[in-house]
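**Q** If you're matching them up, the sequences are chains A and B in order. The working numbering numbers the first residue of the first sequence as 1 and each following residue consecutively. The working numbering numbers the first residue of the second sequence as 115 and each following residue consecutively.
Hints are supplied without guarantee of correctness; some may be wrong.
As the list claims (entries may be wrong) - Within a straight-line C-alpha distance of at most 30 Å, the following computed DSBU-like cross-link-like pairs (lysine-lysine) qualify: (1) K20(A) with K130(B); (2) K41(A) with K216(B); (3) K130(B) with K152(B); (4) K152(B) with K221(B); (5) K41(A) with K117(B).
What the hints assert, rightly or not - Partial selection, computed: residues in chain B whose CB lies under 8 Å from chain A: (6) D143; (7) P155; (8) R164; (9) F168; (10) G222.
To be verified - If you want the ones that stay clear, here's a sample from chain B, every Cβ over 12 Å from chain A, calculated: (11) T144; (12) Q153; (13) V198; (14) D214.
Just so you know, the hints here were simulated from the structure itself, not pulled from any lab data. For every residue, glycine included, the Cβ atom is placed at its ideal position computed from N, Cα and C.
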Amino acid sequence: GAVVSQHPSRVICKSGTSVKIECRSLDFQATTMFWYRQFPKQSLMLMATSNEGSKATYEQGVEKDKFLINHASLTLSTLTVTSAHPEDSSFYICSALGEYNEQFFGPGTRLTVL
Amino acid sequence: AQKVTQAQTEISVVEKEDVTLDCVYETRDTTYYLFWYKQPPSGELVFLIRRNSFDEQNEISGRYSWNFQKSTSSFNFTITASQVVDSAVYFCALSDFSRDDKIIFGKGTRLHILP
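Bound conformation, chain B alone (with noise of 0.2 Å):
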């Protein structure tokens, strides 16, 4: 069975901390895509990365990065420096190709940067 685990339902940093969301996957398929989302409180899902099953390189996106580990399934993510703004809530998800590119979320990561 497909199943995402965010075992952090909420995290308080101060800000220009780093702070890393953790993200851990279920699936027994090979192929398979990992996202991570952003939803602020205006509810709109913000798309932030989406790697798929054979790509285990590392990404860095200005202070955002992500690190993919198959061995231990987990897609986990880290923001650097952070800033107010980062204050929301982050979904990791699941799309294999076994389930007609349907997405599974995580329960989501609700991450409060302090000033």
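Just chain A, same shape as in the assembly (with noise of 0.2 Å):
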């Protein structure tokens, strides 16, 4: 089946400096990938599409200037939480959109902000 990755699983930073999360498909190319972020004892919420070649499409309420995401390859897409602060910490998760529309997802990223 497609495979998903993500690096980090784990990052642990300080306030204010900026944390990278790559996801990548491992065995398929994806036009589409999408970034989602769960709260401890939440559900997942959309964050924001992630299209390779164009802009992202963000969620109502998500910034993109801190959110920053980059889909430069049909198989990697970056998100990127600029100035982090502690309220930022939580579980980011990545899918990527299989040939046949299936949503694939990623083993998630815990980011611990300081």
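Could you use the hints to bring the two separately framed chains together as a complex?
**A** Structure representation (structure tokens):
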């Protein structure tokens, strides 16, 4: 089956620094990838849709200047949390859209901002 | 508007009991997908099933079964003879074609299987 990886799996950073999370589709090409955020004991909330070669589409309430998304190739999308603060601490999950409109989810990245 | 409601926040059952997780959805689209995912403590989402709106047949996969009722907009999930390894958070989700494949998740049901 299709595999999506995320790197890093865990990251701890100081407040004010930027953190980059990578999402890769390992055995298929994905024109579209999605980024979700999940706070503890809550559901997954879609943050943005990442489209290869074009600007990401952000959901209402998500700051595009804070959460920078780059989808530079058909197998890689990156999410950069700029000037991270403790309230950005969360579990970030990406997914990649497969050939038959199935979403394949990555294993998630746990971000802790001190 | 699209919405997925999982009214059961948390359920505890003793091992070997059967348990049903409820899911009710709302959508204006006639064409949509429904999903169930399992999220164990590790956090990784495990895909369980995708069902399209045209297929109302119930599905059985081992100890898992799903009951799709369009008339009541429900897509319930039953685990038969539950096991401790079934303990996890289970999410029901909806994706309809008008939202460019975006998935809307319910709030999840935390299932505890007690030994």
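**Q** All hints, please: hold or fail.
**A** For each hint, the structure was consulted:
At roughly 44 Å between alpha-carbon atoms, K20(A) and K130(B) are farther apart than 30 Å, so this suggested pair is violated. Of the supplied pair hints, the one linking K41(A) and K216(B) holds, its CA atoms being roughly 21 Å apart against a limit of 30 Å. The hinted pair formed by K130(B) and K152(B) meets the criterion: a straight-line CA distance of about 19 Å does not exceed 30 Å. With a C-alpha separation of about 12 Å, the suggested pair K152(B) and K221(B) falls inside the 30 Å cut-off, and the hint holds.
For a cut-off of 30 Å, the pair hint linking K41(A) to K117(B) stands: about 19 Å separates their Cα positions. About 14 Å separates the beta-carbon of D143(B) from the nearest beta-carbon of chain A, more than 8 Å, and the hint is not met. Annotation: interface hint on P155(B) violated; nearest CB of chain A at approximately 12 Å, more than 8 Å. Checking R164(B) against chain A by beta carbon gives a least distance of about 7 Å; that is within 8 Å, so the hint holds.
Hint status for F168(B): violated, given a least beta-carbon distance of 14 Å to chain A, over 8 Å. Interface restraint check for G222(B): the shortest CB-CB distance to chain A comes to about 5 Å, inside 8 Å, so the restraint holds. No Cβ of chain A comes within 12 Å of the Cβ of T144(B); the nearest lies about 16 Å off, and the non-interface call holds. Against the 12 Å criterion, Q153(B) falls within the reach of chain A, whose nearest CB is about 9 Å from its own CB.
At the 12 Å boundary, the C-beta of V198(B) stays outside the reach of chain A, the nearest C-beta of that chain being 21 Å off. The claim that D214(B) is not at the interface with chain A is violated, since a C-beta of that chain comes within 12 Å of its own (minimum 7 Å).
Of the numbered hints given earlier, the model fails hints 1, 6, 7, 9, 12 and 14; all others are met.
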